[in-house]
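Dock chain one against chain two, each of which comes alone in its own frame, and use the hints as you go.
Chain order of the listed sequences is A and B. When the count follows this note's numbering, it moves up by one through the first sequence with no breaks and lands on 117 for the last residue. When the count follows this note's numbering, it moves up by one through the second sequence with no breaks and lands on 1404 for the last residue.
To be clear, the hints were calculated from the coordinates, so they are not data collected in a lab. Hints are supplied without guarantee of correctness; some may be wrong.
[Unchecked claim] Taking lysine-lysine and the BS3-like style, the derived pairs with C-alpha atoms no more than 30 angstroms apart in a straight line are:
#1 Lys104/A <-> Lys51/A
#2 Lys1360/B <-> Lys11/A
#3 Lys104/A <-> Lys1360/B
#4 Lys1303/B <-> Lys51/A
#5 Lys51/A <-> Lys116/A
#6 Lys11/A <-> Lys1347/B
Given next are the chains, with one letter for each unit.
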Amino acid sequence: RKEVEQDPGPFNVPEGATVAFNCTYSNSASQSFFWYRQDCRKEPKLLMSVYSSGNEDGRFTAQLNRASQYISLLIRDSKLSDSATYLCVGAEGFKTIFGAGTRLFVKA
Amino acid sequence: DVKVTQSSRYLVKRTGEKVFLECVQDMDHENMFWYRQDPGLGLRLIYFSYDVKMKEKGDIPEGYSVSREKKERFSLILESASTNQTSMYLCASSSTSGISYEQYFGPGTRLTVT
Chain A
10 RKEVEQDPGP
20 FNVPEGATVA
30 FNCTYSNSAS
40 QSFFWYRQDC
50 RKEPKLLMSV
60 YSSGNEDGRF
70 TAQLNRASQY
80 ISLLIRDSKL
90 SDSATYLCVG
100 AEGFKTIFGA
110 GTRLFVKA
Chain B
1291 DVKVTQSSRY
1301 LVKRTGEKVF
1311 LECVQDMDHE
1321 NMFWYRQDPG
1331 LGLRLIYFSY
1341 DVKMKEKGDI
1351 PEGYSVSREK
1361 KERFSLILES
1371 ASTNQTSMYL
1381 CASSSTSGIS
1391 YEQYFGPGTR
1401 LTVT
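Okay, chain B solo, but in the shape it has when bound (with noise of 0.2 angstroms):
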């Protein structure tokens, strides 16, 4: 069974403040994605890699950046976090092996920047 973990289910910071988002999958998945979702907008693609320490960005990568040193970990790096990045932030993993590409999520953090 696919395992994907986040760090931290909640989190509060306050604006200004370096916010690291952690993600571990356990099922050797080459690809790994982080969103962020909105009422109203749905997933948004901040960043994804498709190996270790590649990385590309999606339709929203300002005001993040991510990190992959090992292929079962992605993190992303919030520089200086604000009011607008209060969002629930989602990260998944794929494999490129298969023909389905299905993306398996994490539970999500629930980031609050006050």
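The shape of chain A in the complex, shown without the other chains (with noise of 0.2 angstroms):
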């Protein structure tokens, strides 16, 4: 079983919905977590840090459940720039674990 996993999708979704994405974990003595996006060809970059109690960054907004052991991400008024691989990482200290990443189209 993958540390982390994700849906690999591709969510296909129109511009202007709102789509969601879910990552399980399965080391509980992880600590951080975050989300990084990933464009075609081009490295990883961090996206948004995941809080307990839940953050927000404008469109995006990140959640984390210890007690199920899962992350989520949810992206609203997609726009076509937000087609991207997104990555689930979790990090125990300063190692950290990616998910294979979930793939997202947003289409006009």
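Have a look at this one:
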């Protein structure tokens, strides 16, 4: 079983839609969680950190449920530029485990 | 602005060759990482280093070695390249200060072993 599991997608959504990704992790010692974004043929870049209390950054909302060991990312009002692969990450100290990513295509 | 650079974007090597991949970061980060990324498997950690001359094996260290002689530079070495090492190699760095441990990635090296 992978330590961090994500639905690979692809998710195909129209512009303006709301889309949600979930991710589960198996290491209960994981302390920090993140969502990274990776554009085609580019390196991953941090999208946002995930806190137990939930956090929001513009159209993006991340949630952590420690009891069920899952992390979610909600994107509201999808834009064409949101098309990318979204990587879920769990970290224990500086050792990080990346999920394989969920592909999102936003269409006009 | 953090910058992580890798020596080559594309590399083609023959089976059995010794391959060096170089990574340099300019933010005085303590931690540096080497990953490989393959379709459907995501990023897998090969080695990481939390200080000069220190190294730790990641999940898939077999067939690789690393060197960190200076804080800003972390090298990945394929002692005898094989076709199953054809992959995208990504270097990253992070700081131990702060609470985030955000990793900053280089642009990647796409290695093909023929």
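Status of each hint after checking the structure:
no.	hint	in the structure
1	Lys104/A <-> Lys51/A	22 angstroms, holds
2	Lys1360/B <-> Lys11/A	34 angstroms, violated
3	Lys104/A <-> Lys1360/B	21 angstroms, holds
4	Lys1303/B <-> Lys51/A	22 angstroms, holds
5	Lys51/A <-> Lys116/A	21 angstroms, holds
6	Lys11/A <-> Lys1347/B	18 angstroms, holds
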